[in-house]
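Novice: Going down the list, the protein sequences come from chains H and Z. Position one of the first sequence corresponds to residue -5 (the working numbering), numbered consecutively onward. Position one of the second sequence corresponds to residue 527 (the working numbering), numbered consecutively onward.
It should be emphasised that the hints constitute simulated quantities derived from the structure, not laboratory data. Cβ coordinates follow ideal geometry from the N, Cα and C atoms, glycine included. Treat the hints with caution; some may be incorrect.
Taking lysine-lysine pairs in the BS3-like style, the calculated list, with each CA pair at most 27 Å apart, reads [said to hold, decoys possible]: (1) Z:K629 x H:K37; (2) H:K76 x H:K46; (3) H:K70 x H:K52; (4) H:K76 x Z:K568; (5) Z:K629 x Z:K568; (6) H:K70 x H:K59; (7) H:K37 x Z:K633; (8) H:K52 x H:K76; (9) H:K59 x H:K37; (10) H:K70 x H:K46; (11) Z:K568 x H:K37; (12) Z:K633 x Z:K568; (13) H:K59 x H:K76; (14) Z:K565 x H:K37; (15) Z:K565 x Z:K629.
The calculated label-pair distances, taken between Cβ atoms and stated as ranges, are [claimed, not checked]: (16) Z:G567 x H:S11: 23 to 29 Å; (17) H:E(-5) x Z:S533: 32 to 38 Å; (18) H:N71 x Z:R556: 29 to 35 Å; (19) H:A17 x Z:K565: 19 to 25 Å; (20) Z:N557 x H:S24: 23 to 29 Å; (21) H:L5 x Z:P566: 21 to 27 Å; (22) H:T63 x Z:Q529: 22 to 28 Å; (23) Z:G542 x H:E(-5): 30 to 36 Å.
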Amino acid sequence: EVQLVESGGGLVQPGGSLRLSCAASGFTFSSYWMTWVRQAPGKGLEWVATIKEDESEKYYVDSVKGRFTISRDNAKNSLYLKMNSLRAEDTAVYYCARQTTVDYWGQGTLVTVSS
Amino acid sequence: DIQMTQSPSSLSASVGDRVTITCRASQGIRNDLGWYQQKPGKAPQRLIYAASSLQSGVPSRFSGSGSGTEFTLTISSLQPEDFATYYCLQHNSYPRTFGQGTKVEIK
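Assemble the whole structure, with the sequences as input and the hints as a guide.
Specialist: What follows is the structure, encoded as structure tokens:
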């Protein structure tokens, strides 16, 4: 069974940093592209970033380019999202998802950016 | 960027009704589209992939169709557990883009 478990969310001040983690199990993590998607409170879904199996390709939505970095550790079956220079508009539930086609999702972790 | 225009934004329907939701892409995306269901407080779940293929475990009352720029999700006979918000996602090019969502409510 595919399982994706996010962690690392919390309350952070504007301009601060946070690193999200996603622990994957139930599939061969190193063989799949991985994706982050977010959802602001009461809003729709927004694709954030995607990374290739070997980290050779990474893609980001324009609003996070230069501030967020997606990475992975295939030995640890883990996906990461390092978020710097956080803004109020980054407040959202962040979901880890498998593949560029987004077939399976984690349960999400809430990031709140507020003073 | 490819824009995904989803309609309607909300609808009210009764149990047993046939429901249709549409996504239009601003340019052709072949069949690179998925449909998702999200219930309050839960993560989305994929219902349809490659525009018309049913995800394993999803009831057959859900179906998808379309190719190019126009896509449809149909629920043939709405059940109580189907009241939720539905989204489309194009994965033809980056940035990936979702439709705005359709909230299906009980009439």
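Novice: Give a verdict on every hint.
Specialist: Cross-check of the supplied hints:
1. Z:K629 x H:K37: holds (12 Å)
2. H:K76 x H:K46: holds (16 Å)
3. H:K70 x H:K52: holds (19 Å)
4. H:K76 x Z:K568: holds (24 Å)
5. Z:K629 x Z:K568: Holds, because 14 Å separates the two Cα atoms, which is no more than 27 Å.
6. H:K70 x H:K59: With a Cα-Cα distance of about 26 Å, the restraint between K70 of chain H and K59 of chain H holds, given a limit of 27 Å.
7. H:K37 x Z:K633: It holds: about 23 Å lies between the C-alpha atoms, which stays within 27 Å.
8. H:K52 x H:K76: Roughly 13 Å between the alpha carbons, so the hint for K52 of chain H and K76 of chain H holds.
9. H:K59 x H:K37: At roughly 21 Å apart (the allowed maximum being 27 Å), K37 of chain H and K59 of chain H satisfy the hint.
10. H:K70 x H:K46: holds (16 Å)
11. Z:K568 x H:K37: Roughly 14 Å between the alpha carbons, so the hint for K568 of chain Z and K37 of chain H holds.
12. Z:K633 x Z:K568: Roughly 23 Å separates the two Cα atoms, so the pair holds.
13. H:K59 x H:K76: holds (12 Å)
14. Z:K565 x H:K37: holds (13 Å)
15. Z:K565 x Z:K629: holds (10 Å)
16. Z:G567 x H:S11: 23 to 29 Å: holds (27 Å)
17. H:E(-5) x Z:S533: 32 to 38 Å: The hint (32 to 38 Å, Cβ to Cβ) holds, given that E(-5) of chain H and S533 of chain Z are roughly 35 Å apart.
18. H:N71 x Z:R556: 29 to 35 Å: Since the Cβ atoms of N71 of chain H and R556 of chain Z sit about 32 Å apart, the hinted range of 29 to 35 Å holds.
19. H:A17 x Z:K565: 19 to 25 Å: Holds - the Cβ-Cβ distance for A17 of chain H and K565 of chain Z, about 24 Å, lies within 19 to 25 Å.
20. Z:N557 x H:S24: 23 to 29 Å: About 28 Å separates the Cβ atoms of N557 of chain Z and S24 of chain H, which means 23 to 29 Å holds.
21. H:L5 x Z:P566: 21 to 27 Å: holds (23 Å)
22. H:T63 x Z:Q529: 22 to 28 Å: holds (27 Å)
23. Z:G542 x H:E(-5): 30 to 36 Å: Between G542 of chain Z and E(-5) of chain H, where Cβ atoms are some 33 Å apart, the hint holds.
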